[in-house]
Amino acid sequence: MRLRHATIYWTGSAVIIALLIAAPLVLPEFWRRLVTEILIWGLLAMSSDLLIGYTGMVSFGHSAFFGLGMYGAAAALLAVGPPSLWLAIATGLIAAAAVAAFVAYFSTRLRDIYFAITTLIFSQIFYVIIFTWTEVTGGENGLTFSRPALAIPGLVSIPFTSATLHWFVLAAVTLSYLVLRRITQSPFGMVLQSIRENEARTRAIGYPVERYKIVAVMLSGLFAGLAGVLYALQNRFAAPDFVFFVVSGETIIYNVIGGVGTLIGPIVGAAFFLLLREGFSRFFTEYYLIPVGIIFMAMVIFVPQGLLGFARRWLNE
Amino acid sequence: MEIPLDQLLIQTINGIVTGMILALVASGLTLIFGIMDVVNFAHGELFMLGAYVGVIVLAATGNFWIALMAASLLIALLGAVIYLTTLRPLLGRDPLTTILATFGVSLVLQNYALWQFGPVSRKITEPFSGHFALFYLDYPWYRLAIALLSAAIIGGLWLFLKFSTFGVWIRATTQDRVMAQAMGIPVPWVLTAVFAIGAAMAAASGVLFGPLVGVNPTMGLDWILKAFIVVVVGGMGNLAGSIAASIFISLLEAYASLWVSPAQAIIVSFIVLILTLLFRPTGLFVATPK
Numbered sequence: 000m001r002l003r004h005a006t007i008y009w010t011g012s013a014v015i016i017a018l019l020i021a022a023p024l025v026l027p028e029f030w031r032r033l034v035t036e037i038l039i040w041g042l043l044a045m046s047s048d049l050l051i052g053y054t055g056m057v058s059f060g061h062s063a064f065f066g067l068g069m070y071g072a073a074a075a076l077l078a079v080g081p082p083s084l085w086l087a088i089a090t091g092l093i094a095a096a097a098v099a100a101f102v103a104y105f106s107t108r109l110r111d112i113y114f115a116i117t118t119l120i121f122s123q124i125f126y127v128i129i130f131t132w133t134e135v136t137g138g139e140n141g142l143t144f145s146r147p148a149l150a151i152p153g154l155v156s157i158p159f160t161s162a163t164l165h166w167f168v169l170a171a172v173t174l175s176y177l178v179l180r181r182i183t184q185s186p187f188g189m190v191l192q193s194i195r196e197n198e199a200r201t202r203a204i205g206y207p208v209e210r211y212k213i214v215a216v217m218l219s220g221l222f223a224g225l226a227g228v229l230y231a232l233q234n235r236f237a238a239p240d241f242v243f244f245v246v247s248g249e250t251i252i253y254n255v256i257g258g259v260g261t262l263i264g265p266i267v268g269a270a271f272f273l274l275l276r277e278g279f280s281r282f283f284t285e286y287y288l289i290p291v292g293i294i295f296m297a298m299v300i301f302v303p304q305g306l307l308g309f310a311r312r313w314l315n316e
Numbered sequence: 000m001e002i003p004l005d006q007l008l009i010q011t012i013n014g015i016v017t018g019m020i021l022a023l024v025a026s027g028l029t030l031i032f033g034i035m036d037v038v039n040f041a042h043g044e045l046f047m048l049g050a051y052v053g054v055i056v057l058a059a060t061g062n063f064w065i066a067l068m069a070a071s072l073l074i075a076l077l078g079a080v081i082y083l084t085t086l087r088p089l090l091g092r093d094p095l096t097t098i099l100a101t102f103g104v105s106l107v108l109q110n111y112a113l114w115q116f117g118p119v120s121r122k123i124t125e126p127f128s129g130h131f132a133l134f135y136l137d138y139p140w141y142r143l144a145i146a147l148l149s150a151a152i153i154g155g156l157w158l159f160l161k162f163s164t165f166g167v168w169i170r171a172t173t174q175d176r177v178m179a180q181a182m183g184i185p186v187p188w189v190l191t192a193v194f195a196i197g198a199a200m201a202a203a204s205g206v207l208f209g210p211l212v213g214v215n216p217t218m219g220l221d222w223i224l225k226a227f228i229v230v231v232v233g234g235m236g237n238l239a240g241s242i243a244a245s246i247f248i249s250l251l252e253a254y255a256s257l258w259v260s261p262a263q264a265i266i267v268s269f270i271v272l273i274l275t276l277l278f279r280p281t282g283l284f285v286a287t288p289k
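Chains A and B are the protein sequences, given in the same order. In terms of numbering that gives the first Met the number 0, the first sequence opens at residue 0 and continues consecutively. In terms of numbering that gives the first Met the number 0, the second sequence opens at residue 0 and continues consecutively.
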């Protein structure tokens with residue numbers, strides 16, 4: 000049985016990845032862009048699934064990590080010439096991780112709704128700082144910059160086209176998925192899941208629960224920051240709108256729609272949400288959030304386990 | 000830096016006025032949270048829609064007080080509908096799911112307002128426009144009237160909870176939902192009515208606040224955040240605590256805006272919230288828990 004499960008799982012993954020690799024070659028520009036964007040938002044949602052689905056903490060502050068990843072990358076691209084891709088990724092991740100460490104230190108002392116509200120408030124603090132510190136962050140207008148080349152120093156340097164960017168994002172997201180999957184199946188991940196199931200008992204067994212939670216929030220923030228860096232690379236700007244708490248809300252929507260505790264589910268949720276948005280925005284123009292909101296409410300009530308909830312056990316085997 | 004006394008006094012009055020409006024918004028929120036464990040993310044949107052109903056009724060009738068009443072009643076009805084369709088099916092599930100459901104409601108309502116009324120700010124004219132001299136300022140009477148009206152509405156709520164039969168039912172339901180049901184109190188009705196009352200209070204504060212800043216589809220966002228802060232700082236579900244916290248935080252923000260821009264002054268309230276959560280998570284204005 001186990002062998003069969005592994006075969007199906009890896010074949011299925013290979014087929015999906017092959018389709019995603021082929022996607023930019025066959026799709027028109029608009030859809031190519033959308034698929035890349037789905038992968039990026041999926042990565043953000045997946046990072047928050049580590050908290051929601053595996054540790055049982057609902058973070059309403061992932062926009063802060065995402066946004067700091069964006070601004071960190073922007074800072075490196077604007078300050079250092081010629082712009083270096085790897086430096087941008089490094090600064091973006093460092094910025095996101097530093098913020099995540101700060102937020103984690105305070106917010107993990109609280110639980111449930113209080114954790115959600117604290118993370119929400121922290122993300123708003125960063126929003127206000129970024130929004131009002133115009134000299135450094137560009138304030139309301141944000142920062143614009145040019146995309147660096149995809150270069151390995153001393154070897155190759157090719158400019159980013161929408162296809163190579165897509166492959167780069169795909170590689171980053173796939174790698175992140177594998178790392179996150181490994182994390183959730185490691186002894187560390189098992190402790191996180193036992194915190195989700197019964198925090199008091201986990202503490203009684205002797206695990207330092209707070210420390211595990213802090214590391215979980217930091218890891219989650221790191222991957223959210225990576226998503227922010229990728230989004231900055233794709234769109235060549237960083238804007239305060241992406242630090243606003245509505246982005247965190249959307250991240251949770253992706254998780255709930257796709258199914259928490261599956262890692263893949265949040266990506267499916269992001270795909271579902273963004274496709275729905277595309278579809279509805281043709282009929283409802285900018286008011287697409289009305290039908291999307293109604294569908295979201297219906298899913299919270301009727302399908303609380305999400306689209307992939309039925310496969311949760313299977314995906315985590 | 001030297002701050003002149005008159006500025007300090009003006010900011011004190013400003014802080015109390017905003018504090019009273021905030022108290023009105025937050026007491027609806029805290030009523031809903033305390034009694035039904037629902038974190039109502041759509042509260043700011045009810046505030047905003049209430050203001051819009053006020054704009055429309057005011058344009059039709061020309062009477063501010065009719066507009067205030069109509070907005071409260073209509074939004075109370077809307078609140079009841081929202082409760083019955085989205086929150087009642089979630090009874091008994093994790094309180095976090097209520098955040099998600101009401102977040103969906105807020106998306107829908109906010110975009111509905113954008114669609115119906117457009118992004119441009121509308122104005123509610125104040126019911127009376129007198130001023131009085133406050134140092135070098137012409138301070139509008141209406142601002143003081145808001146503070147008094149908010150206090151009157153909150154006082155009315157308190158009397159209602161304390162002395163009316165329905166108020167007793169509400170308090171009984173807060174203490175023990177199952178026991179209240181067993182005693183013959185129509186708990187489902189009580190919960191619906193509480194949500195409607197909370198919504199009406201949000202709407203009333205929206206109409207009262209409208210003349211100060213103008214009415215637009217995103218005006219609820221600022222208030223919902225502040226109201227959350229107040230509800231947590233005051234102690235979740237504690238009515239008196241959230242009123243005290245409203246005034247406390249609004250005063251701090253008003254004083255902070257003497258030094259920094261109002262957009263940055265909100266950070267002060269964030270910091271108060273975080274310190275409260277770290278050192279006194281049950282709330283600043285409640286007795287020490289045993």
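Just so you know, these hints were derived from the structure itself, not from any lab. Please note that a few of the clues may not be correct.
[As the list claims (entries may be wrong)] Here chain A is said to cover these stretches of chain B; the calculated rule only asks that three of the stretch's residues, wherever they fall, bring their Cβ under 8 Å from a Cβ of chain A:
1) 68–80
2) 90–102
3) 184–195
4) 225–236
5) 255–267
[To be verified] Pair by pair, the computed Cβ-Cβ distance ranges are:
6) A:R202 / B:P94: 46 to 52 Å
7) B:T11 / A:A199: 58 to 64 Å
8) A:P186 / B:L7: 28 to 34 Å
9) B:K161 / A:R180: 26 to 32 Å
Where is the CB? At the ideal position from N, CA and C, for every residue including glycine.
The hints, checked one at a time:
Coverage of the segment 68–80 of chain B by chain A is violated [criterion: at least 3 residues with CB-CB distance below 8 Å; count 0]. Only when three residues or more bring their CB closer than 8 Å to a CB of chain A does the claim for the segment 90–102 of chain B stand; here the count is 8, and the claim holds. Counting residues of the segment 184–195 of chain B whose CB falls under 8 Å from any CB of chain A gives 0; the rule of at least 3 is not met. Here's how the segment 225–236 of chain B fares: 3 of its residues keep a CB closer than 8 Å to some CB of chain A, so the rule of at least three is met and the hint holds.
For the segment 255–267 of chain B, the proposed coverage by chain A is satisfied: 5 residues have a C-beta within less than 8 Å of a C-beta in that chain, meeting the threshold of three. With their beta carbons about 22 Å apart, R202 (chain A) and P94 (chain B) fall outside the hinted range of 46 to 52 Å. With their beta carbons about 46 Å apart, T11 (chain B) and A199 (chain A) fall outside the hinted range of 58 to 64 Å. A C-beta distance of roughly 58 Å is found between P186 (chain A) and L7 (chain B), which places it outside the suggested range of 28 to 34 Å.
At roughly 56 Å, the beta-carbon separation of K161 (chain B) and R180 (chain A) lies outside the given 26 to 32 Å, and the hint is violated.
Consistency note: the structure conflicts with the earlier hints numbered 1, 3, 6, 7, 8 and 9.
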